[in-house]
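Could you slot chains H and L onto chain Y? The hints should help.
Each chain is listed here by its residues.
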Amino acid sequence: MTAANTAAPRATWLDAMRSRYRDVYGAILLWAAFIGFGVWAAIAHSDEFTVGIVVGSIFALGAIGLTLIYGVLKFGHFAHGDAMLLTAYVVFFVLTGTVVGERGDVVSPLRMDRLPGASDQIWEFSFGYGFLLSIPVGCVIAFAVLQTLERFVYGPLRDRRVGIVILSIASLGIAISMRSVMLIIWGPGPRLYAPGIRDTTELPWGTRIVSDQIFIVAAALVVVAAIYLLLYRTAIGRAMRAMADNPDLALVSGINTDSVIRWTWLVAATLITIAGTLLALQSQLKPELGFTLLLPLFAATILGGIGSPQGALIGGLIVGITQEVAVTFDVLGAGYKFSVAFAILIIVLVVRPRGLFGSGA
Amino acid sequence: MMRNWSPLTAITVAVITILIIAVPYERSGSARSVVDFLVPFATTVAVFAILAIGLNVQWGYTGVFNFGIAGFFMVGAYTAAIFTKDPATGGAITYIGGWGDDLAFLPFFDSEEWLPHLIGLAAAGFFCALLALVLALPILRLREDYLAIVTIGIAEVLRRIAIEEDRLVNATRGLTGIPRPFGGWVEPENYKYVIFCIIVSFLVLLFVAVEGAARSPWGRVLRAVREDEQAAAASGKNVFGFKLQSFMFGAAIMGMGGALYGYEAGAIAPDTFTHFFGTFIVWAMLIVGGAGNNGGAILGAYIVWGFWSLTLQIQSYDLPDALRIRIFYIRDFVVGALIVLVLLLRPQGLLPEERRVSRWLERRVARLRREERTQPSSSQAPPDPAEQPAA
Amino acid sequence: MNVLEATDIVAGYGGVEILHGVSLRAEQHEIVSIIGPNGAGKSTLIKAIFGLLHVKSGAVRFLGDTVTNLRPDRIVRKGMGYVPQVDNVFPSLTIEENLEMGAWIRHGALKDALARVYALFPVLAERRHAVAGKLSGGQRQLLALGRALMVEPALLLLDEPSASLSPKMVETVFEKILEINRAGTAIVMVEQNARHALELSNRAYVLATGQARLEGPARDLLDSDEVRRLYLGE
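Going down the list, the sequences are from chains Y, H and L. Each residue of the first sequence is one higher than the one before, starting from 1 at the first, in our numbering. Each residue of the second sequence is one higher than the one before, starting from 1001 at the first, in our numbering. Each residue of the third sequence is one higher than the one before, starting from 2001 at the first, in our numbering.
Read the hints as simulated data drawn from the structure, not as lab findings. Be careful, since some hints might not be right.
Unchecked claim - Reference listing, derived: stretches of chain Y covered by chain H, where coverage requires no fewer than 3 residues with Cβ under 8 angstroms from a Cβ of chain H:
| # | segment |
| --- | --- |
| 1 | 294-304 |
| 2 | 344-356 |
As the list claims (entries may be wrong) - Calculated cross-link-like contacts (lysine-lysine; reagent style DSBU-like; alpha-carbon spacing at most 30 angstroms):
| # | chain 1 | residue 1 | chain 2 | residue 2 |
| --- | --- | --- | --- | --- |
| 3 | L | 2078 | L | 2176 |
| 4 | Y | 74 | L | 2078 |
| 5 | L | 2111 | L | 2176 |
| 6 | L | 2134 | Y | 74 |
| 7 | Y | 74 | L | 2056 |
| 8 | Y | 74 | Y | 337 |
| 9 | L | 2134 | L | 2168 |
| 10 | L | 2078 | L | 2056 |
| 11 | Y | 337 | Y | 286 |
Since this is a predicted model, take the numbers as computed values, not measurements. Glycine included, C-beta positions come from ideal geometry on N, C-alpha and C.
Only chain Y is shown next, with the shape it has when bound in the complex (with noise of 0.2 angstroms):
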């Protein structure tokens, strides 16, 4: 999947040279420029150095589930962002059953604290197993909606072969509409999964981390592997690569592409939830985080070249790095964290379109 597209009809042969050494030596910059900033911020910033890897671990997973829409359904999912803040705020309706009512909030019996000891603290955390069992039931809600979301808007409008700017437009629609949504039943305000102050971890370079913050790159680790052993170790894995590299040729080989598109919708849902549900645990639920999401998931995702989840991988470690540490430097205040990932962006595009480890074909 090609980044850049030339007018210039007439390709040669210096055009191509120096494509290649573009590519070539674009990657070594790339590379050399983010392992020297990273050494560097791990040494002299280690603070925001850990937190950049805990930021950089939900962004991943996010981007990964990014780049495979991208992958095996073509289009650039611009309601990932929204997405994310709408499952992790239907894992939170699942735990605490809260909505917004006219005079405060609305608490339905139906809710996961409810059972017995499900807030009790996990070791330092601050949630207990009812929380961790949320998770699943939120999984399989955002599998529905998103899938629902294929069969009445996606599905038509691909088979109509609208182009990607069409598609892009329509997922921008459906992003305000789930933000909307959001807003409609929990409000604007900000919310927690569980109140109250948290418990704190020195790890053995001195930073002091939040507790929470060891799952959510302990819990980004195990869903990465698992991620991993599905793509590289099952049938229907290698099924969504191979739609990804070719869907006709898929079609043709008789893949039953329905079907792996709804594979795909479900590991795209579940990467969703949980990179959701993660982000909310390590700041707060607020409907606008949706939108500012965008640029550091698709920074992450173009940085990493679209159609691989390693890259999305380690494009989301770099990206948040980047940020939690470059606004350390006084020129920047931290309003610009976000805007860092759109330098990133930038840069990328400019240096080496098809990212670290893109296809480029």
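Just chains H and L, lined up with the frame of chain Y:
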């Protein structure tokens, strides 16, 4: 243009028109307050129509997928404000510019009432075109969805800069007290008629200018580029150059729309130019109205803003509380869902595009394909699409 | 017995009609070639048979069942295989994964199928974990053939199997096609290399401007002056 009106179009326009007259009348009981409501309403429709026409030049005519309209909108509004306001008083209010007094340099015709504003308007267009030029070089060659996320990012970064940089444009506090063109000539309660006339006149001029440009050879090349970039490039057109011109032209239009918005509203702040209000809503208007069609841009602005204003009006009715606190979110939801529905059910919008150049290109390509099949090799390049008369 | 019967096929792309009523048949054990000038509609014909294009009128019958306009993945399950001319392997998958894609529909007998295909294409067996994108053109062609064979199809549709291959590789590919045919698979093959195709086939069709101009035993067409002059360049 009237003959393109399908029954759906006519019904939608009729419904909106009836409601925006009936609802304020029902609320207030006097014709006077209906007018009081309609005039600012129409003025804002005109501003959004200007933005939508700018988008139409970029996307409808050339296929440039700009999702950062809010950025140009904002830069235009702030530029005009800086040019027309008095200098910053310091203390809690800090911003650059403030040349309003200096620009009223003509010693006649009461020039402080209009000259700074005219200069501000021109400056808004100019600086937005310049911004577009600077941005275009790295980004205009990108694939469309990359261009989308990049333009989203640009708008967000610009907004972030406006918020963070305290001494630039007064940060989150924004700029208030933007002087009104010809504000000194009428009493405040009648001013809305003046600004209405100014902005609608500008819209009419713009419409004529853009329609003229569309029918010119330049305009036809733009359409050819959108229909089939490779064919246009193969016939020797500098595709990038045309995209750049269209991008700059559209950006200038958006900037001037922003300037006029500032003149109308009197106060602007970074919060005004969010992605939803500054970009998405304009896309919704163009898609609903019909992309590729300036009349569609105006129609879409009317319908979407009509719906928007109605929800503001509905607020004062006796609604159940549950609905009242959520009315704005429901409105946003409808706008988002509306775009999806239109794309699914009527992607060409209410006013379909006049596909003159496209039909010609289609016939040309079909003829080439037939020729190619009977002769194995055909090295004939497609002729210049701009040289053919409109079919 | 006719494995494939296509009758009066009218089909095309978008609004443009390419095939104006073409009929074709293939019997068990046959190799049938389709030759003709560029743009005659040869690739279009086999795409229409395989359900990749909408057939406006006409019928396709395979092993007695009507399969006109059936979705390609359903046609594969009935026992028809298709090898496209370009983009005919999955570049980021290994050779073995590519072959496994071909056997998507037969869960149990995967190992047997792999053994069978590796026996037919030893060069693939040697490099079974190589990524397909890094293979040479000839190796890719063999892989594409192997992938289609994983399900032991009764009929194989080949779109220009010798395109952009070196002469030596072309020999290899045609040898393999012969071997596949002898093992029991009927072959319908579009070919630019008309002479080679005719030498290999039992019967052949000459297609020009969307219609079948000539048809008959390959030997006869090879001997025909008209064919030699127009399509064999002699």
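The hints, checked one at a time:
1. 294-304: holds (count 4)
2. 344-356: holds (count 5)
3. L:2078 <-> L:2176: Roughly 23 angstroms between the alpha carbons, so the hint for residue 2078 of chain L and residue 2176 of chain L holds.
4. Y:74 <-> L:2078: holds, 29 angstroms
5. L:2111 <-> L:2176: Measuring from Cα to Cα gives roughly 21 angstroms; hence the hint holds.
6. L:2134 <-> Y:74: holds, 24 angstroms
7. Y:74 <-> L:2056: holds, 29 angstroms
8. Y:74 <-> Y:337: holds, 29 angstroms
9. L:2134 <-> L:2168: holds, 20 angstroms
10. L:2078 <-> L:2056: The hint holds at about 22 angstroms.
11. Y:337 <-> Y:286: At roughly 17 angstroms apart (the allowed maximum being 30 angstroms), residue 286 of chain Y and residue 337 of chain Y satisfy the hint.
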